[in-house]
Amino acid sequence: MNIAAGHISRRLVLGACLALGLAAPVLAQGTDDAVLKSLLPDSYIGADNAPVSLIVYSSPTCSHCVDFHANELPKLQEKFVSTGKLKIAYRPFMRNSLDAVIFMLAHSRGADKFDETVSTYMDKFDELAAAQDTQQAVRSIAEGMGIDKAGFDKAVADQPYFDQLNAATKQAQEEFKVAGTPTFFLDGKQLEIASSFEEVGTAVEAALPKP
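For the sequence shown, the working numbering begins at 34 and goes up steadily by one.
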């Protein structure tokens with residue numbers, strides 16, 4: 034289920050049974066935005082002085098985001114990030130209440146474990162999708178990362194951070210024209226993905242400084 038920014042309530046986040054909603058692939062349109070300053074701080078993977086930067090708006094309950102994360106991201110990391118050519122920042126984009134729960138749990142573990150937490154849930158995507166009791170499945174995965182019941186309940190009750198997530202998602206939609214996930218910005222310009230996530234790597238290659 035897709036829920037527009039500002040329409041996700043804390044009541045939904047705390048709901049017992051959350052269904053996974055899967056969006057259609059997003060064909061990102063071009064934009065002239067050169068500066069994409071987010072309301073939430075970015076945490077980059079890669080060298081600070083990498084000549085090319087990639088921002089990915091992503092949702093842990095989006096099957097296409099999971100596909101990119103599992104199959105294309107490792108290639109980008111091996112070919113470009115590890116060689117100092119590219120830095121990547123993942124930005125949270127809430128499509129539904131389960132996204133909110135996962136991002137809030139990630140936030141509760143601290144900035145240094147945010148990406149790790151979201152990645153863990155993306156790796157468990159099939160398990161969550163097949164779960165008869167989604168809430169229990171989410172809690173079970175959290176327990177595996179050391180988040181007990183009290184920690185879980187405290188994380189999803191963090192109203193100030195929830196409001197920040199809502200605001201950041203609304204900003205992405207209204208200012209940066211993010212219509213869905215995943216959406217990619219290469220050096221501040223939105224990529225148009227025609228058919229395959231392999232195009233991201235091709236675009237990175239083309240953006241690298243010429244010798």
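Keep in mind that the hints were calculated from the coordinates and are not lab data. Source: prediction; values computed, not measured. Quick reminder that beta carbons are idealized off the backbone N, C-alpha and C, glycines included. Fair warning: there could be bad hints in the mix.
[Unchecked claim] Below, in silico cross-link-like pairs of lysine-lysine (DSS-like), each with a Cα-Cα straight-line distance of 25 Å or less:
#, residue 1, residue 2
1, K157, K118
2, K120, K70
3, K222, K70
[Claimed, not checked] Simulated restraints on C-beta separations:
#, residue 1, residue 2, range
4, Q197, E231, 29 to 37 Å
5, S115, S228, 38 to 46 Å
6, D145, A227, 33 to 41 Å
7, A239, Q168, 21 to 29 Å
8, G117, G184, 34 to 42 Å
9, L241, S173, 19 to 27 Å
query = Are A239 and Q168 spaced within 21 to 29 Å by their CB atoms?
reply = violated (45 Å)
task = Indicate whether the distance between the beta carbons of S115 and S228 respects the range 38 to 46 Å.
result = For S115 and S228 the Cβ distance comes to about 27 Å; the hint is violated.
message = Can you tell me whether the CB distance of D145 to A227 sits inside 33 to 41 Å?
response = With Cβ atoms ~36 Å apart, the hint holds.
request  = With respect to the beta-carbon atoms only, verify the hint that G117 and G184 lie 34 to 42 Å apart.
outcome  = holds (37 Å)
task = Would you mind confirming whether the straight-line C-alpha gap from K120 to K70 stays at or under 25 Å?
result = holds (16 Å)
message = For the hint 19 to 27 Å, verify it against the beta carbon of L241 and that of S173.
response = Violated - the Cβ-Cβ distance for L241 and S173, about 43 Å, lies outside 19 to 27 Å.
task = For the pair supplied as a hint, K157 and K118, confirm whether the alpha-carbon distance does not exceed 25 Å.
result = The given pair, whose Cα atoms are some 30 Å apart, is violated under the 25 Å limit.
task = Starting from the hint 29 to 37 Å, judge whether the C-beta atoms of Q197 and E231 obey it.
result = Check passed, 33 Å falls within 29 to 37 Å.
inquiry  = Can you confirm whether the C-alpha distance between K222 and K70 stays at or below 25 Å?
reply    = holds (13 Å)
Checked against the numbered hints above, the structure violates hints 1, 5, 7, 9; every other hint is satisfied.
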